[in-house]
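Since the structure of chain A is provided, determine the placement of chain B on it from the hints.
Going line by line, the protein sequences match chains A and B.
In terms of full-length UniProt numbering, the first sequence has 95 at position 95, counting the first letter as 1, and numbering is strictly consecutive.
In terms of full-length UniProt numbering, the second sequence has 62 at position 62, counting the first letter as 1, and numbering is strictly consecutive.
Just so you know, the hints here were simulated from the structure itself, not pulled from any lab data.
It is possible that part of the hints are untrue.
[As the list claims (entries may be wrong)] Covered by chain A, per the in silico footprint, the following chain B stretches (three or more residues, Cβ under 8 angstroms):
# : segment
1 : 52-60
2 : 325-339
3 : 478-488
[Claimed, not checked] Within a straight-line C-alpha distance of at most 25 angstroms, the following computed BS3-like cross-link-like pairs (lysine-lysine) qualify:
#  : chain 1 : residue 1 : chain 2 : residue 2
4  : A       : Lys67     : B       : Lys476
5  : B       : Lys110    : B       : Lys3
6  : A       : Lys26     : A       : Lys172
7  : B       : Lys472    : B       : Lys482
8  : A       : Lys135    : B       : Lys469
9  : B       : Lys472    : A       : Lys67
10 : B       : Lys482    : A       : Lys10
11 : B       : Lys337    : B       : Lys234
12 : A       : Lys10     : B       : Lys337
13 : B       : Lys407    : A       : Lys135
14 : A       : Lys67     : B       : Lys3
15 : A       : Lys127    : B       : Lys257
16 : A       : Lys128    : B       : Lys280
17 : B       : Lys234    : A       : Lys128
18 : A       : Lys127    : B       : Lys277
19 : A       : Lys67     : B       : Lys469
20 : A       : Lys127    : A       : Lys176
21 : B       : Lys109    : B       : Lys26
22 : B       : Lys257    : A       : Lys105
23 : A       : Lys10     : B       : Lys406
24 : B       : Lys99     : B       : Lys109
25 : A       : Lys105    : B       : Lys345
26 : B       : Lys99     : B       : Lys110
27 : B       : Lys99     : A       : Lys67
Given the structure is predicted, the values throughout are model-derived calculations rather than measurements.
C-beta atoms are modelled at their ideal positions from N, C-alpha and C, and glycine is treated no differently.
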Amino acid sequence: MITTSNLSKKYNNKQVLNIETLEIPKGQSFGLVGNNGAGKTTYFSLLLDLIQPTTGHIINNNMQVDKSEDWKPFTSAFIDESFLIGYLTPEEYFYFIGELRGQNKADVDALVAQYEDFFHGEILGQKKYLRDLSKGNQKKAGIVAALIGNPEVIILDEPFANLDPTTQIRLKGIVKNLAETKGVTVLISSHDLLHVTDVCERIVVLEKGQIVKDIQTSEATLKELEAHFAG
Amino acid sequence: MIKHFLNLEWKAFFRSATLGKSIAIKILMGFFLLYFAIIFSFAGFFMIKILGKTHPNISPFVAFNSFIFFWILADLLFRFFFQKLPVMSVKPLLTTPIKRSSIVNYVLKKSIVSFANFLPLLTIIPFGITLMINGNESVQTVIVWWLVLILVILINNFLNFILESLSAQTELSFLPIIILTGVLFGLNHFNIINLSSLLSSAVMGIAHNPLYLITPVVILGVVYGINFNLLHKKLFLDSGLKEKIKEVNAANLEWTKNFGDIAPFLQLDLKMILRNKRTKSSVWILVMGLLYGLFFYPQPVYQNATWFFMLIGVFSTGIFLISFGQFIPAWDSGYYKLLMSQNIKYEQYLKSKFTLMAFSVVALFVLGIPYVYFGYKVLIAHFVAAIYNIGVNTHVIMWGGSFNRKKINLDQKAAFNYQGTGAVQWLIGIPLLLLPLGLFALICFLINFEVACTVIGVMGIIGIVLHPKLMKLITKKYTASKYQMIAAFNQES
Numbered sequence: 001m002i003t004t005s006n007l008s009k010k011y012n013n014k015q016v017l018n019i020e021t022l023e024i025p026k027g028q029s030f031g032l033v034g035n036n037g038a039g040k041t042t043y044f045s046l047l048l049d050l051i052q053p054t055t056g057h058i059i060n061n062n063m064q065v066d067k068s069e070d071w072k073p074f075t076s077a078f079i080d081e082s083f084l085i086g087y088l089t090p091e092e093y094f095y096f097i098g099e100l101r102g103q104n105k106a107d108v109d110a111l112v113a114q115y116e117d118f119f120h121g122e123i124l125g126q127k128k129y130l131r132d133l134s135k136g137n138q139k140k141a142g143i144v145a146a147l148i149g150n151p152e153v154i155i156l157d158e159p160f161a162n163l164d165p166t167t168q169i170r171l172k173g174i175v176k177n178l179a180e181t182k183g184v185t186v187l188i189s190s191h192d193l194l195h196v197t198d199v200c201e202r203i204v205v206l207e208k209g210q211i212v213k214d215i216q217t218s219e220a221t222l223k224e225l226e227a228h229f230a231g
Numbered sequence: 001m002i003k004h005f006l007n008l009e010w011k012a013f014f015r016s017a018t019l020g021k022s023i024a025i026k027i028l029m030g031f032f033l034l035y036f037a038i039i040f041s042f043a044g045f046f047m048i049k050i051l052g053k054t055h056p057n058i059s060p061f062v063a064f065n066s067f068i069f070f071w072i073l074a075d076l077l078f079r080f081f082f083q084k085l086p087v088m089s090v091k092p093l094l095t096t097p098i099k100r101s102s103i104v105n106y107v108l109k110k111s112i113v114s115f116a117n118f119l120p121l122l123t124i125i126p127f128g129i130t131l132m133i134n135g136n137e138s139v140q141t142v143i144v145w146w147l148v149l150i151l152v153i154l155i156n157n158f159l160n161f162i163l164e165s166l167s168a169q170t171e172l173s174f175l176p177i178i179i180l181t182g183v184l185f186g187l188n189h190f191n192i193i194n195l196s197s198l199l200s201s202a203v204m205g206i207a208h209n210p211l212y213l214i215t216p217v218v219i220l221g222v223v224y225g226i227n228f229n230l231l232h233k234k235l236f237l238d239s240g241l242k243e244k245i246k247e248v249n250a251a252n253l254e255w256t257k258n259f260g261d262i263a264p265f266l267q268l269d270l271k272m273i274l275r276n277k278r279t280k281s282s283v284w285i286l287v288m289g290l291l292y293g294l295f296f297y298p299q300p301v302y303q304n305a306t307w308f309f310m311l312i313g314v315f316s317t318g319i320f321l322i323s324f325g326q327f328i329p330a331w332d333s334g335y336y337k338l339l340m341s342q343n344i345k346y347e348q349y350l351k352s353k354f355t356l357m358a359f360s361v362v363a364l365f366v367l368g369i370p371y372v373y374f375g376y377k378v379l380i381a382h383f384v385a386a387i388y389n390i391g392v393n394t395h396v397i398m399w400g401g402s403f404n405r406k407k408i409n410l411d412q413k414a415a416f417n418y419q420g421t422g423a424v425q426w427l428i429g430i431p432l433l434l435l436p437l438g439l440f441a442l443i444c445f446l447i448n449f450e451v452a453c454t455v456i457g458v459m460g461i462i463g464i465v466l467h468p469k470l471m472k473l474i475t476k477k478y479t480a481s482k483y484q485m486i487a488a489f490n491q492e493s
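Okay, chain A solo, but in the shape it has when bound:
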């Protein structure tokens, strides 16, 4: 589904990302971990064609992301708050994203209704603009918006940060469900090793822009990761 080859990104001669090859098959739940500055967000930004690669390219479903735009209809993402439109209510925001992704209001309503318990009654019908919601609630709205329009690839940068424990557990359920039953490729980055090992079939560790570990998740994975980051 997603093939990365010879990808590198430099800022003023400082290399922040260098991935020789990375292959993510369809329907995989893929976790990206690494300390600050490891290049997680850089990789996701390259995947969304928000920054230009210095060398190499990413191919998403046979389309090179910096050449074609045809990957956009089946790819969605929530990277940070700048993916929210502050002066819209959550409902209006969902409808707007829905319209961009070819969904009518009824489609959006039906999808959003599935995530009512994820919202915990704090998003819908609040008569508040997104900019006036708390960080955690903004994140909930952003994550659900990324699920609108049956995307085949979903990219979530640090989805667990800022969420309360209940919501974190519910989010894990949502992500697992997407990958297992719907064949959606989910890419997640996180600092929380426990959550990632819970949710992802495969975990890649980045360090200073390089891939240093590529693990198929098993019982031993959490221990292995903890040992890696402790050392």
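Structure of chain B alone, referenced to chain A:
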């Protein structure tokens, strides 16, 4: 303590992401201030001569004091629009062992070091010295008089901040100050209370009897105290955050569906304009633009200057186009990454902006039809200007937008807010206003008014005909600068 604060501010200025821009603006401001400083000090040196001409029968000291009331009103108005309480990012300081009161005192005292407070001194000090030299007044009187006026300046300084903080919450923030100064001026003008003579005798009374200085000192203490309390109350995190949240009614803009595939963007643009401080508070600019012609047309000089009609035409029908268009796509800078990662057609996005601007031109033209009162030629010129605005200026301004690299924070007020303004915004004004005006005037002088109208109109129509082609070109330009825009909009200024 003050040393720390000053150090922080020094760093904030020189390490800001937009240092180059701030320095350029500061230099420009410097020239303005120098200009004012020279004018004010000249006025001070020659005040006796000037007053001797205008008020030959009374002493210059008395004559000058009779103006103090008007000076205070003008000063308040001027301060309200130009002087802002010094900004300081206090959030990181709240948890440090610095007393809240010393932060507040620092901010308030710093406001004293403002050009608005020094400017009047440039007049009153030379004036006072010449009074002493000429022997009009005694040395002691002049010195006490200086003290009184300095106290008045400071009172004005702090009074302004009280007014600002009280009116900051309301939508029409400039209304209270207009009403206050208007009422005071009215009371005086219609002789209901003769404030100007009261004030002038008060000032002279104190000047001759220094003991009364206690009155302005007490007033100053009171306004400072009020300011201190206002600020001290605001120095909590939640007071700034809480009051903002209002219940909102989700707007239903179903009618935009008639516009087909640009409907979602049109809805978004309309909501953006209606729901943000920055856009809302620029509504009065529209009113000003629409009424712009009233400054000129009633004067007989301009009645026959047909070549001049084009400027007012372009401006009054294009005021929305100019004020909105110059910040495309910076209006969407807060969520530009989202738009760029979504499945959108750039062309639809831009077309929505075009539609909005084109409609505004038509609407403003219709609202401006009463200008026909000043002659049918005015209406024709405005009509032609509207066509030119739709055909040429919309495309020019959108093309200019692709050079936009400055983020806009929608939550801030608009009046005299230069955030997001760069060299492009000034340069784009040349083809926008000067080109049609210049061409129109030239043809008017060389041939006649009718031919000039035809030429401008035809240019507009050509633009409208070529619209699809031009949009393709503009879209290409935007696509080419996509990465630079994303990177630039990511930076807080």
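Hints versus structure:
For the segment 52-60 of chain B, the proposed coverage by chain A is not satisfied: 0 residues have a C-beta within less than 8 angstroms of a C-beta in that chain, short of the threshold of three. With 5 residues having a beta carbon nearer than 8 angstroms to a beta carbon of chain A, the segment 325-339 of chain B meets the requirement of three or more and the stated coverage holds. Only when three residues or more bring their CB closer than 8 angstroms to a CB of chain A does the claim for the segment 478-488 of chain B stand; here the count is 3, and the claim holds. Among the hinted pairs, Lys67 of chain A with Lys476 of chain B is consistent with the structure: their alpha-carbon atoms are about 14 angstroms apart, no more than 25 angstroms.
With a CA separation close to 12 angstroms, the supplied pair Lys110 of chain B and Lys3 of chain B stays within the 25 angstroms bound. Between Lys26 of chain A and Lys172 of chain A the alpha-carbon distance is near 19 angstroms, which keeps this suggested pair within the 25 angstroms criterion. At roughly 15 angstroms between alpha-carbon atoms, Lys472 of chain B and Lys482 of chain B fall within 25 angstroms of each other, so this suggested pair holds. Between Lys135 of chain A and Lys469 of chain B, the direct Cα distance comes to roughly 44 angstroms. Violation of the 25 angstroms bound is thereby established for this hinted pair.
Of the supplied pair hints, the one linking Lys472 of chain B and Lys67 of chain A holds, its CA atoms being roughly 18 angstroms apart against a limit of 25 angstroms. Pair hint Lys482 of chain B plus Lys10 of chain A holds up; C-alpha atoms about 18 angstroms apart against a cutoff of 25 angstroms. With a CA separation close to 34 angstroms, the supplied pair Lys337 of chain B and Lys234 of chain B exceeds the 25 angstroms bound. Between Lys10 of chain A and Lys337 of chain B the CA atoms are separated by roughly 20 angstroms; this keeps the pair inside 25 angstroms, and the hint holds.
With a C-alpha separation of about 22 angstroms, the suggested pair Lys407 of chain B and Lys135 of chain A falls inside the 25 angstroms cut-off, and the hint holds. Taking the CA atoms of Lys67 of chain A and Lys3 of chain B, the gap is near 54 angstroms; set against the 25 angstroms cutoff, the hint is violated. For the suggested pair Lys127 of chain A and Lys257 of chain B, the alpha carbons sit about 23 angstroms apart, so the restraint of at most 25 angstroms is met. With a CA separation close to 18 angstroms, the supplied pair Lys128 of chain A and Lys280 of chain B stays within the 25 angstroms bound.
Proximity of Lys234 of chain B to Lys128 of chain A is assessed by CA-CA distance (about 23 angstroms); at most 25 angstroms being required, the pair is judged to hold. Between Lys127 of chain A and Lys277 of chain B the alpha-carbon distance is near 18 angstroms, which keeps this suggested pair within the 25 angstroms criterion. Distance restraint check for Lys67 of chain A and Lys469 of chain B: the Cα-Cα separation of roughly 23 angstroms lies within the 25 angstroms cut-off, and the hinted pair is therefore satisfied. As the CA atoms of Lys127 of chain A and Lys176 of chain A are separated by approximately 31 angstroms, the hinted pair breaks the 25 angstroms bound.
The straight-line distance between the Cα atoms of Lys109 of chain B and Lys26 of chain B is roughly 22 angstroms, inside the 25 angstroms bound, and the hint therefore holds. For a cut-off of 25 angstroms, the pair hint linking Lys257 of chain B to Lys105 of chain A stands: about 13 angstroms separates their Cα positions. Between Lys10 of chain A and Lys406 of chain B the alpha-carbon distance is near 24 angstroms, which keeps this suggested pair within the 25 angstroms criterion. Restraint check for Lys99 of chain B and Lys109 of chain B: the C-alpha separation of about 16 angstroms stays at or below 25 angstroms, so the hint holds.
A distance of roughly 20 angstroms separates the Cα atoms of Lys105 of chain A and Lys345 of chain B; the hinted pair therefore holds under the 25 angstroms criterion. Annotation: proposed proximity of Lys99 of chain B to Lys110 of chain B holds, straight-line Cα distance about 17 angstroms (limit 25 angstroms). At most 25 angstroms may separate the alpha-carbon atoms for a hinted pair to count; Lys99 of chain B and Lys67 of chain A exceed this at roughly 57 angstroms.
Violation of the numbered hints given earlier is confined to hints 1, 8, 11, 14, 20, 27; the remaining hints are satisfied by the structure.
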